[in-house]
Amino acid sequence: MNTIKEILIPFNFMPSSKKALVYALNYINRDEDVNIRALMVLDRKINETLMNDYQEDFQKFLEPHLNPLKKKPSLHFDYGDLTERVLDNQKKWNSNLVIMGTRGDMDYGAVLATRTSHLVLEADCPVLSIPLICHREDQEPKKIALVLGHEEIEDKNLLLTLLEVVRHFNAKLYVLTVYPDQIFHDAEERQIDAKNESTLEYYLEHFYEAHTYKKSTDLEEEIQRYIKEHDIDILSILPRNHLHRGKASKGKLTALLTIHSRIPVLALD
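The end of the sequence shown is residue 269 by the working numbering, with every number in the run present.
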């Protein structure tokens, strides 16, 4: 059963936002009843003439992609801070998924404060970031990786969203757990591993393919190496900056992965 019925896409006619929209259009099957809303957030209000021009340009961009769709995507306007307006409208529309394009370090080098990474860290809903340098928007993902740390999976229901994405593409799900050197597989970690393994097997069904354990002092480098070695199509992560029971992180790794990744990153929150 498909529970992703409402998709929100921050949109501004830049190449990165167009790529995100195309990715969303390709995600939808011919027989799926999914509503896509593109949200254009502006600094100040615009007149009706300019608004109509934007609507016309939006429809022209959509034309080559509309044939297999049951519902036409719609363009909406709002004003103010991008992250605030996206998150407010996500709640208003009850969007199940936000898909956002990013230029990543093509724009900002090592600076963490890209709009996409900021949105990912602030959102309390799944966010799929699509890097401009990704060349797989027309290909169905066959391998999806989930990255775990050394903590127990707290919100297990987030795996249902991951399951839906994996099932949608009939993809294989690979899991990578990375430990810092100093706490690699002690007794407590083995107990957490056992719990996580049971959770993964239960929630991810037969799509769950394999689990790899690594230790490294550079988590991002280890993850990027794994992506390349296993030819992963989508990277999924469980950001820790919104945990309720455990100690929340500041989201640095999430931001780094969002900015530097060359493949789509699904942040499950």
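Treat the hints with care, as some may be off.
DSBU-like mimics (lysine-lysine), calculated; alpha carbons at most 35 Å apart, straight line [said to hold, decoys possible]: (1) K228 / K252; (2) K60 / K142; (3) K92 / K142; (4) K60 / K5; (5) K228 / K143; (6) K252 / K18; (7) K5 / K70.
Simulated from the structure, these hints should not be mistaken for laboratory data.
Here is what the structure says about each hint:
1. Proximity of K228 to K252 is assessed by CA-CA distance (about 21 Å); at most 35 Å being required, the pair is judged to hold.
2. At most 35 Å may separate the alpha-carbon atoms for a hinted pair to count; K60 and K142 meet this at roughly 31 Å.
3. A distance of roughly 33 Å separates the Cα atoms of K92 and K142; the hinted pair therefore holds under the 35 Å criterion.
4. With a CA separation close to 24 Å, the supplied pair K60 and K5 stays within the 35 Å bound.
5. This hinted pair checks out: K228 and K143 have alpha carbons roughly 12 Å apart, not beyond 35 Å.
6. As the CA atoms of K252 and K18 are separated by approximately 27 Å, the hinted pair is consistent with the 35 Å bound.
7. Under the criterion of a C-alpha separation no larger than 35 Å, the hint pairing K5 with K70 is consistent with the structure, at around 12 Å.
Violated hints are absent here; each numbered hint is respected by the structure.
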